[in-house]
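J.: Residue numbers (the numbering used here), protein chains in the order written: chain R, 1 to 336; chain X, 1001 to 1336; chain L, 2001 to 2336; chain A, 3001 to 3336.
Since the hints were derived computationally from the structure, they do not count as laboratory data.
Hints are supplied without guarantee of correctness; some may be wrong.
[To be verified] In silico contact screen, one side only, chain R against chain A (beta carbon under 10 Å); selected entries:
1) Val179
2) Ser180
3) Arg182
4) Lys184
5) Phe192
6) Asn224
7) Gly322
8) Asp324
[Said to hold, decoys possible] Cut-off 16 Å, straight-line C-alpha distance, at most; resulting in silico cross-link-like pairs (EDC-like, lysine to aspartate or glutamate):
9) R:Lys206 / X:Glu1188
10) R:Lys206 / X:Asp1293
11) X:Lys1206 / R:Glu136
12) L:Lys2248 / L:Asp2294
13) A:Lys3002 / A:Glu3071
14) X:Lys1206 / R:Glu290
15) X:Lys1206 / R:Asp294
16) X:Lys1060 / X:Asp1045
17) L:Lys2206 / A:Glu3188
18) A:Lys3206 / L:Glu2249
19) R:Lys206 / X:Asp1045
20) L:Lys2206 / A:Glu3290
21) X:Lys1185 / L:Glu2188
22) A:Lys3185 / R:Glu188
23) L:Lys2206 / A:Glu3071
24) L:Lys2184 / X:Glu1088
25) R:Lys206 / X:Glu1262
26) L:Lys2206 / A:Glu3264
27) A:Lys3206 / L:Asp2293
28) R:Lys185 / A:Glu3188
29) A:Lys3206 / L:Glu2188
30) X:Lys1206 / R:Asp293
[Unchecked claim] A few chain L residues that don't get close to chain A, going by computed Cβ distances all over 10 Å:
31) Asn2005
32) Arg2237
33) Lys2259
Using N, Cα and C, we set each Cβ at its ideal position, and we do this for glycine too.
Residue strings, one per chain:
4 protein chains.
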Amino acid sequence: MKKINVAIVGASGYTGLELIKLLINHPNFNLSYVGTSEGGMNISDLHPSLLNTVNMRVQKSKPKEIAKECELAFLALPHKTAMEFAKELLKLGVKVVDLSADYRLSLENYEKHYGAHLDKEHLKNAVYGLPEINKEKIKKASLVANPGCYPTASILALLPFKSFIKENTPIFIDAKSGVSGRGKKVSENEHFVHVNENFISYSALKHRHEPEIAEVLNQNGIKNSIYFVPHLLPLTRGMLISAYIQVKEAIDAKKVLTKFYENEKFIRIRDEAVSIKMTAGTNFCDIFAESKDDIVFVSSSIDNLLRGASSQALTNANLMFGFDEDLGVPKIGYVP
Amino acid sequence: MKKINVAIVGASGYTGLELIKLLINHPNFNLSYVGTSEGGMNISDLHPSLLNTVNMRVQKSKPKEIAKECELAFLALPHKTAMEFAKELLKLGVKVVDLSADYRLSLENYEKHYGAHLDKEHLKNAVYGLPEINKEKIKKASLVANPGCYPTASILALLPFKSFIKENTPIFIDAKSGVSGRGKKVSENEHFVHVNENFISYSALKHRHEPEIAEVLNQNGIKNSIYFVPHLLPLTRGMLISAYIQVKEAIDAKKVLTKFYENEKFIRIRDEAVSIKMTAGTNFCDIFAESKDDIVFVSSSIDNLLRGASSQALTNANLMFGFDEDLGVPKIGYVP
Amino acid sequence: MKKINVAIVGASGYTGLELIKLLINHPNFNLSYVGTSEGGMNISDLHPSLLNTVNMRVQKSKPKEIAKECELAFLALPHKTAMEFAKELLKLGVKVVDLSADYRLSLENYEKHYGAHLDKEHLKNAVYGLPEINKEKIKKASLVANPGCYPTASILALLPFKSFIKENTPIFIDAKSGVSGRGKKVSENEHFVHVNENFISYSALKHRHEPEIAEVLNQNGIKNSIYFVPHLLPLTRGMLISAYIQVKEAIDAKKVLTKFYENEKFIRIRDEAVSIKMTAGTNFCDIFAESKDDIVFVSSSIDNLLRGASSQALTNANLMFGFDEDLGVPKIGYVP
Amino acid sequence: MKKINVAIVGASGYTGLELIKLLINHPNFNLSYVGTSEGGMNISDLHPSLLNTVNMRVQKSKPKEIAKECELAFLALPHKTAMEFAKELLKLGVKVVDLSADYRLSLENYEKHYGAHLDKEHLKNAVYGLPEINKEKIKKASLVANPGCYPTASILALLPFKSFIKENTPIFIDAKSGVSGRGKKVSENEHFVHVNENFISYSALKHRHEPEIAEVLNQNGIKNSIYFVPHLLPLTRGMLISAYIQVKEAIDAKKVLTKFYENEKFIRIRDEAVSIKMTAGTNFCDIFAESKDDIVFVSSSIDNLLRGASSQALTNANLMFGFDEDLGVPKIGYVP
C-alpha cells in the first residue's frame, strides 16, 4: 500500500514534537511536511533530541504547499491561528485534525469563552474526536476537533455513569496535570523553583475546559452542572482527574465501567487506584472507581500530551482513513 | 522565669525530629528528655542533620524517668503505643500532647476504626487540640489530642461555612499530601521510582482521617456527610486540600473566611490560590475560596509535619502552660 | 523469516521489564519464555503497566524448559545467580546475553571484587558486549557479558582519547545516576524523602564498576589509573558521567570524537553539553567534550536501563544472530 | 543594647528574600530599610510567603536615604550595579557587604572576566568575606566582598590540603547546584520541563567562578591550576562539589580536615558522604574526603542561598560589628 502523505502544522511545541515522534514510524502515514511559523531549519535543530533519528527540513507553514502533497494535516497551533489554517486547508481538500480548541464547542459556547469564530461554516461539520463516543462520525469526517486533555480524561471517566447520576446534583472534577500541559511558554509559573516541591490550583471554576466538558457530557446525556478545578503537579507528563458524583442508588461502579468499555482498546478499568505513571507514554486512559453510600468517586489517568493530544489525534487520523484505530499508537509506557 | 522541662517520646521519626528542632530553641520550654524505643545514642546519631547543633543523649523511653524531670511530654508514637505511655504519664502527673490518633475520636468511633481502646478514662477528658476551635479548653487540659494532618487542613477550611452549607448535601474533600506524611517506613510505596513523576489516590473513601474530620465537624455544627479521598504528591513536605460544598445561597466566601478568622494568628486568607510552598516550614494554614452558583470551592494548605503535627503540638503546649500561642512557633517558610 | 525464540530470565526487575518492552515488538525475535524465581502469574500482574498490552504467563525459570524452545536467553539476574543459569544454558546450547557482572571481568579481577567464580570455563570465552569495541567478536559469541551502566558511559567517553592521554596521569570520572540504577530493592537509600531534593556521592573510589572500567580501558590501550566516584541523582532514569583527562598536547576534542565514531549509529557527538533528558528512552550515547590547556573534559549521557542494560543487550543479541545492530532498538526518547 | 540599623538593597531576588528572613529576627540588627529598583510596595507583596510575618514598606533604593538611618547595607544586586551603590554608600560612611562579584577579584582578573571596574579605589581595601580564612580582616573591614557560592564550597574543601597537594598537578572541581542558584530570571533554561528529570553541565571550563576560586586559592598558597565544571541539579536549593587532587604522599584526609577546622563553628567534617539535604537551610559547610593511592576525593555541601550567599553575608556583618560570628545564623536545616 502506498503511504498517505501527512503534514504537521505547528511543529515547534510539545504536541508537535509528539506528532513527529509518532508519525516518523507510522506504517501507513508518511510525514512529508513539517511546518512552523518560521521554518528554515532541520527538525533536529528544532528538537535536538531527534538528532540522528530524523533528517528533514522544517517549512514555513503554507496551506497551498501542504495541499500539493498531503491528504491530511495535523494542526498543533494556538486557537484562532488553527482555524485560519483549517479553513484554507479544508477548502483545498486537505483533511484536518485540529488539536486546538477552535472546533470543539458550539458556536455560542466558543464565542462566549474564546471570542469571535472565523470559520463558522466548517464548525458545523466538525466532529469531536473522542473515539469512544464518536467513532463512526470520525470515520467520515473531514475535520476532527481533537478534544482537550482535561475533557478527554473527564468525559471518559464520567460518561459510563450517565444513567445512574442523580438529576440536579453537581458533578465535581478535581483535576491535576503535569507542567508539559502548559506548553513551552516561559513565565514565572513554569519556573522550576516555583513548580518544584509545590502544588497549586489555578483557574478554579473558571477554566475553559469546564464548558467543553459540560457541553460534551450534555450532548451525551449528562445534564448535570459541572464544577471543574485544575491543579498543577510538580512533574512533567501526565494527568489525573478525581471526580465525585451522586448516583440514584448504590451501584457496582467497576462493573458499570467494565461493561461500558468492553470493546475499547484504549480504556483499562483498574482494580486499584489509577496513577499517572501507568499511562505516561501511552494512549491508554486508565479508570478506577470506588463507591460509598450513593457517592461514586471515579478517577482517570492519561498522558496529557498523548491521549490528551497527539496520540489521540493519530487515532482520529487512523479512523478517518479507514485504518485500525490503534495503528502506530503507543501502548507501552515509560515505566519505570 | 525558669524554663519548663519537657520530654519527647518517640524521637526517631519525622515528627519527633521536628519537635526536637522546635524545642531546642524555645524560650520557655527546656527539652530535657528525648526518648526512643531503643535509646542509647546521641541525638546527632539519630538525626545526622543535627550534628554540632544539639548534643544530648537519647534515652530508652520510661514514664517514671520522664515524670521525675518533666512537666509535659510530647508523644510522637504509633497509635496504641501512645495510649500506653499517656495513661501512665498522666497518672504520674505529667501533661501530655499526643500526636497519635489515640485520643482524637469518641470511643465508639475509635474502636470502629482503630480497635480496642485501652485508656477510656483519660479519653473522656482529652481535648482535641485545634486551637482555632478549642483554645480555652486546651488552656485547661492535661491531655491534648493533637489533630491529624488531613483533619487540620480540612476542618480549618470548612468550619467557617457551617451556617451556609446546605443541609443533606455531601461535602467532598480531595486531599493531597507530600511523602513525609507516610513517615519513615520503607516499602514499595515510598520508593523514589514509584513516587517520582507519579500521582495516585489511596484509601479512597476509606481513610481513617475521614471519620475524624466528620466527627469534629459534626461536634461543631456541620452535620453533612464527608467524602474524603487522599492522594500522594511527588514532593517531600506539604499538604493541600480542595473541598467542594453546596451553600444555601450565593455567598462572598472570602468575606466569610476573613471574618471567621479575624483574630487568628496562624490563618492567612489568600486572594489567590493557596500553594504548598507558601506554608512549608511554618505553622500557617493558608485558605482560599472561589464560588460559582451555589458551589464553594475552598482550599487550604499546611505543612503536614508542622501545622499537621509538631508545630501545632507546640502551640497546644504553649496554651497549656499559659504562654502566647505563637511562642517559638515558626512563621517564616522555606521559600524559595 | 521465522522469528527466533528467546527467553528472559529474571523478569521482575527494571531491566527485565525493559527487555519485555523491547522484545514484544521486535521484528525478528519472539519472546517465548519469561521467567522469575517464583513464576505463576501473568506478566501484567508482575508489571501492571503492561495490562492489555501483553498477555503471557511468567514461568518459574528452568534452564531445561528454556532450552526446549529458545535459542537465546537474556539473564537479568543478580551476579552469582546469573552464572548458575548461564553455565547450564550454554551447555544446553542456548546462547546467553548476561546483564550481570559475572562474565565482564578477568577471573582475577572478578574474584577480587565479587568472590569465587563458579563458571571459569565459559568465562574464558565470554565477550564484553560493548558493540563499539567488540562488534566482530560479539557476532560470533555464544556468551556476551553485557557491560555495566557506568562502564558503558565511561568507556565510550574515554576510549577515543587513547592515543592522546598523557602517560601516568590519573583519569577522574565523576558519575551521576538516576535512582532506577539501584533496582527495585527497598531500603532507606531509595526512600523518596531521602533522595528527593538531595544529591550524594556513594562508594567513592570503591565502587565495583571502577575495576570494570579500568580493565576494559587497559585492554584497549588506556593504561592510566582510573578514579571513579558515583553520585545519586534525584531522578528516575538516566546517567551522566563527567571525566577529566590530561592530554599530551592541546587537541580538537570534538574532532577526535567525531572521527572515532564516524560509523557508529548509536553515538552522537554533541556541540553543546550533553544532558540526561536527550538520551532517556533510547540506546544513544551522547558525548560532548571541552578543552583548556592540556585538559579535556569529556561528558557522556546514556539511559542507564537501556544503553546501560537492556537495549544494549538487544543490540548484542541482534549482532549474535546476524541482524542489523539497531533492529528494534529505541532511538526516539521521552522528551519532553 | 541598641540594635544596629541595616539596609538590604536589591530585595526582590532569592538572596534578598533570604536576607529579609534572617534579619527580621536578628537580635542585634534591625532591618530598617528594604530597597528594590522600583520600590513602592509592601514586603509581603514582593514576597507573598511573608504575609502576616513582616509588615514593612519597600523603598526605591537611594544611597542617601540609606545613609540617614543605616550603618550597614547588604547589596543583593547584579554585578556592576552593586559597585555603583557600594561606591556611594561607602563615601557616605555606610559599611557594605556586597553579595555580587564586584569586589571579589583583583582588578586585573575582574576586568578580564567582567569588564571595566568603576570603583578601583574601594576595590583595594575590600576584604574577601570567607570567615574561615579572613576572620580578623573582616572584623576591621568597611567593605566585604561576599564570596560566590561555588567558590565558598570549593575553597573550604580544598584549602586544608594546601601543604599536601603535589606541585604542578591540576585540581578538578566537578560542581553541582540547585536551580535557585540561577536566580529568578525566566528563560528556557529554568523551565520546569527542561530541568526536571534532567542533569546537564554548563560553562564547562569557562565559568566565572573558576578564576575566583583560583585567585583565592593562589593567595592562600595553592598555586595549582583549577579546572571547574558546574552542573545543574533538578532541585531547588543546595550545592555539592566533588574535587579531585593529587597529593605528595598518602595522607589521612579526614584527620587533615578535622585539624584544619578544629575551631570553626560552621564546618562539619563528616564520616560519611556529604549530601545536599544535610546543609540545606543552614550556614554549615559539610566536608567529606576519601583517599586512594596518592589521590584525594574531597566533597563539600552547602546551601547555595545561605552559606553561598545570605547567611554568610550575615556572619560577615556580625564580625564587622564585633558580634559573635553565629549570631542569628541558621544551624537547623530543613530535613526531612
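J.: Give a verdict on every hint.
T.: Status of the hints after comparison with the structure:
| no. | hint | verdict |
| --- | --- | --- |
| 1 | Val179 | 5 Å, holds |
| 2 | Ser180 | 6 Å, holds |
| 3 | Arg182 | 9 Å, holds |
| 4 | Lys184 | 7 Å, holds |
| 5 | Phe192 | 4 Å, holds |
| 6 | Asn224 | 35 Å, violated |
| 7 | Gly322 | 36 Å, violated |
| 8 | Asp324 | 32 Å, violated |
| 9 | R:Lys206 / X:Glu1188 | 38 Å, violated |
| 10 | R:Lys206 / X:Asp1293 | 12 Å, holds |
| 11 | X:Lys1206 / R:Glu136 | 41 Å, violated |
| 12 | L:Lys2248 / L:Asp2294 | 7 Å, holds |
| 13 | A:Lys3002 / A:Glu3071 | 12 Å, holds |
| 14 | X:Lys1206 / R:Glu290 | 10 Å, holds |
| 15 | X:Lys1206 / R:Asp294 | 15 Å, holds |
| 16 | X:Lys1060 / X:Asp1045 | 15 Å, holds |
| 17 | L:Lys2206 / A:Glu3188 | 38 Å, violated |
| 18 | A:Lys3206 / L:Glu2249 | 19 Å, violated |
| 19 | R:Lys206 / X:Asp1045 | 51 Å, violated |
| 20 | L:Lys2206 / A:Glu3290 | 10 Å, holds |
| 21 | X:Lys1185 / L:Glu2188 | 8 Å, holds |
| 22 | A:Lys3185 / R:Glu188 | 8 Å, holds |
| 23 | L:Lys2206 / A:Glu3071 | 53 Å, violated |
| 24 | L:Lys2184 / X:Glu1088 | 43 Å, violated |
| 25 | R:Lys206 / X:Glu1262 | 28 Å, violated |
| 26 | L:Lys2206 / A:Glu3264 | 30 Å, violated |
| 27 | A:Lys3206 / L:Asp2293 | 12 Å, holds |
| 28 | R:Lys185 / A:Glu3188 | 8 Å, holds |
| 29 | A:Lys3206 / L:Glu2188 | 38 Å, violated |
| 30 | X:Lys1206 / R:Asp293 | 12 Å, holds |
| 31 | Asn2005 | 36 Å, holds |
| 32 | Arg2237 | 7 Å, violated |
| 33 | Lys2259 | 21 Å, holds |
In the structure shown, a violation is registered for the earlier hints numbered 6, 7, 8, 9, 11, 17, 18, 19, 23, 24, 25, 26, 29, 32, in ascending order.
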